[in-house]
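Using the sequences and the hints given, assemble the complete structure.
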Amino acid sequence: MKKRYYSPELKEQAVRLSYQRENIKELADELGLEVQRIYKWRKAAKTTISPKPEKAIPDDTLEVKRLRKALREKELELEILKKAVHIFSKNDGKSMDL
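The opening position of the sequence shown corresponds to residue 16 in my numbering, with each subsequent residue numbered one higher.
Misleading hints may appear alongside valid ones.
[To be verified] In the DSS-like style, the derived pairs of lysine-lysine whose C-alpha atoms are separated by at most 27 Å in a straight line are:
| hint | residue 1 | residue 2 |
| --- | --- | --- |
| 1 | K18 | K40 |
| 2 | K98 | K84 |
| 3 | K40 | K55 |
| 4 | K18 | K55 |
| 5 | K80 | K97 |
| 6 | K89 | K61 |
| 7 | K84 | K105 |
| 8 | K58 | K84 |
Think of the hints as simulated: they come from the structure by calculation, not from any bench. Model, not experiment: these values are computed from the prediction.
Shown next as structure tokens:
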């Protein structure tokens, strides 16, 4: 049995039409194809389209993340110092000597 060759344009068109039509069997008959072949092409088209190239993270984004982390640390330090000042000010200038 001779292996048939289908052009990429035909495959793309068949896949596109298969998503537009409700009855894939009728489409396969119109195009002179087997139904399973269309499903195979649809599956292949999904796998080639699905993986999206990862975008490189700009250096600015990394810098913003680093600065936000540093800001959180400084805010925490400030909060701790405010609590310490409040605790020490409760003594109203009284000596801590026992």
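**Asked** Which earlier hints turn out false for this structure, listed by number in ascending order?
**Response** 6, 7 and 8
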